[in-house]
Amino acid sequence: MNVLRVSFRVPASLAHRSLAIDLVSTLVEHVASADRAFRNAITTAFGEAFNNVVIHGYKNRTDGMLDVEAELGPDHMTLKLRDDGLHADLASVPTPDLDAVPEGGLGSFMINALVDEVVYESGTPNVLSLTKRTTAAEPSST
Amino acid sequence: MKCTITENGEQTRLEVEGALDAMTAPEIRPIFDKVVTDRRRHVTVDIAKVTMIDSSGIGAIVSLFKRVKADGGQVLVVGARDQPLAVLKLLKLDRVFGL
Numbered sequence: 124m125n126v127l128r129v130s131f132r133v134p135a136s137l138a139h140r141s142l143a144i145d146l147v148s149t150l151v152e153h154v155a156s157a158d159r160a161f162r163n164a165i166t167t168a169f170g171e172a173f174n175n176v177v178i179h180g181y182k183n184r185t186d187g188m189l190d191v192e193a194e195l196g197p198d199h200m201t202l203k204l205r206d207d208g209l210h211a212d213l214a215s216v217p218t219p220d221l222d223a224v225p226e227g228g229l230g231s232f233m234i235n236a237l238v239d240e241v242v243y244e245s246g247t248p249n250v251l252s253l254t255k256r257t258t259a260a261e262p263s264s265t
Numbered sequence: 052m053k054c055t056i057t058e059n060g061e062q063t064r065l066e067v068e069g070a071l072d073a074m075t076a077p078e079i080r081p082i083f084d085k086v087v088t089d090r091r092r093h094v095t096v097d098i099a100k101v102t103m104i105d106s107s108g109i110g111a112i113v114s115l116f117k118r119v120k121a122d123g124g125q126v127l128v129v130g131a132r133d134q135p136l137a138v139l140k141l142l143k144l145d146r147v148f149g150l
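Line by line, the protein sequences are chains A and B.
The first sequence begins at 124 in this note's numbering and counts up one residue at a time.
The second sequence begins at 52 in this note's numbering and counts up one residue at a time.
Hints should not be assumed to be uniformly reliable.
[Unchecked claim] Here are the computed lysine to aspartate or glutamate pairs in the EDC-like style, where the Cα-Cα straight-line distance is at most 16 angstroms:
1) B:53 / B:78
2) A:203 / A:192
3) B:120 / A:226
4) B:120 / B:89
5) B:117 / A:222
6) B:143 / A:220
7) B:140 / A:220
8) B:117 / B:84
9) B:140 / A:222
10) B:100 / B:68
11) B:120 / B:84
12) B:117 / A:226
13) B:100 / B:66
14) B:120 / B:61
15) B:53 / B:97
16) A:203 / A:240
17) B:100 / B:133
18) A:203 / A:244
19) B:53 / B:66
20) B:143 / A:226
21) B:85 / B:58
22) B:117 / B:145
23) A:203 / A:190
24) B:143 / A:222
The hints are simulated quantities; they were obtained by calculation from the structure and are not laboratory data.
Small disclaimer: the values here were computed from a predicted structure and weren't measured.
Model the full structure from these sequences, guided by the hints.
If you want it as structure tokens, here you go:
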């Protein structure tokens, strides 16, 4: 199985959010069996993770950087986000009650709902790993 | 992000273009706030030209929806497609917003 690894580094600021998402969207083109739903899911999850790093991880800082490593396989994509900001306690984020139509607290829920695997390791750096598999990957994984 | 407001009698239409996300949501919230303070009760948010939405953009629309509804009005969201529609469905907002 051919796997390609690509890395990029962007300033962790909301002004660079669209650039980072555009880069991830471009990389999706190299996941052979990815469709539009796959692209929407991984870019949306990445965008929420990016927000978390900027708004919470680098709270009150303007010098933060985000390193992104993408692993591109024919039927999956893994994004590893590395930052040197505050540690996140993802497990403490409550699951939103969608029936109550909440205004906030949706980001972590969206990340978990949109990708197949989420792994967070706090440290220096913090590493958040998001893996999304295409529907083509499902039969062979069972 | 661009937001065009059209008022026709009791009807208010907000046409949003571009990305509605953590970067741009703070720009649109004052526009939504004015809709609420002006007590507009028949509000349509057209997001057909929204290219991407995130939880911050959703939060801005939900905030508008709740405040207008609390004042006896209604907010309809129309035109959602592609990524914005997928997010609205994920959050079970498609039926709330009348999509």
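These are the hints, each one checked on the structure:
1. B:53 / B:78: Holds - the C-alpha atoms of residue 78 (chain B) and residue 53 (chain B) are around 9 angstroms apart, at most 16 angstroms.
2. A:203 / A:192: holds, 5 angstroms
3. B:120 / A:226: Roughly 14 angstroms between the alpha carbons, so the hint for residue 120 (chain B) and residue 226 (chain A) holds.
4. B:120 / B:89: holds, 14 angstroms
5. B:117 / A:222: Judged against 16 angstroms, a Cα distance of about 13 angstroms means the pair holds.
6. B:143 / A:220: Distance of about 10 angstroms is within 16 angstroms: holds.
7. B:140 / A:220: holds, 15 angstroms
8. B:117 / B:84: holds, 12 angstroms
9. B:140 / A:222: holds, 13 angstroms
10. B:100 / B:68: holds, 5 angstroms
11. B:120 / B:84: Holds. Residue 120 (chain B) to residue 84 (chain B) sits at ~13 angstroms (cutoff 16 angstroms).
12. B:117 / A:226: holds, 9 angstroms
13. B:100 / B:66: holds, 8 angstroms
14. B:120 / B:61: Distance of about 15 angstroms is within 16 angstroms: holds.
15. B:53 / B:97: holds, 12 angstroms
16. A:203 / A:240: holds, 12 angstroms
17. B:100 / B:133: Holds, because 11 angstroms separates the two Cα atoms, which is no more than 16 angstroms.
18. A:203 / A:244: Holds - the C-alpha atoms of residue 244 (chain A) and residue 203 (chain A) are around 11 angstroms apart, at most 16 angstroms.
19. B:53 / B:66: holds, 8 angstroms
20. B:143 / A:226: holds, 13 angstroms
21. B:85 / B:58: With a Cα-Cα distance of about 13 angstroms, the restraint between residue 85 (chain B) and residue 58 (chain B) holds, given a limit of 16 angstroms.
22. B:117 / B:145: holds, 15 angstroms
23. A:203 / A:190: Holds. Residue 203 (chain A) to residue 190 (chain A) sits at ~8 angstroms (cutoff 16 angstroms).
24. B:143 / A:222: holds, 8 angstroms
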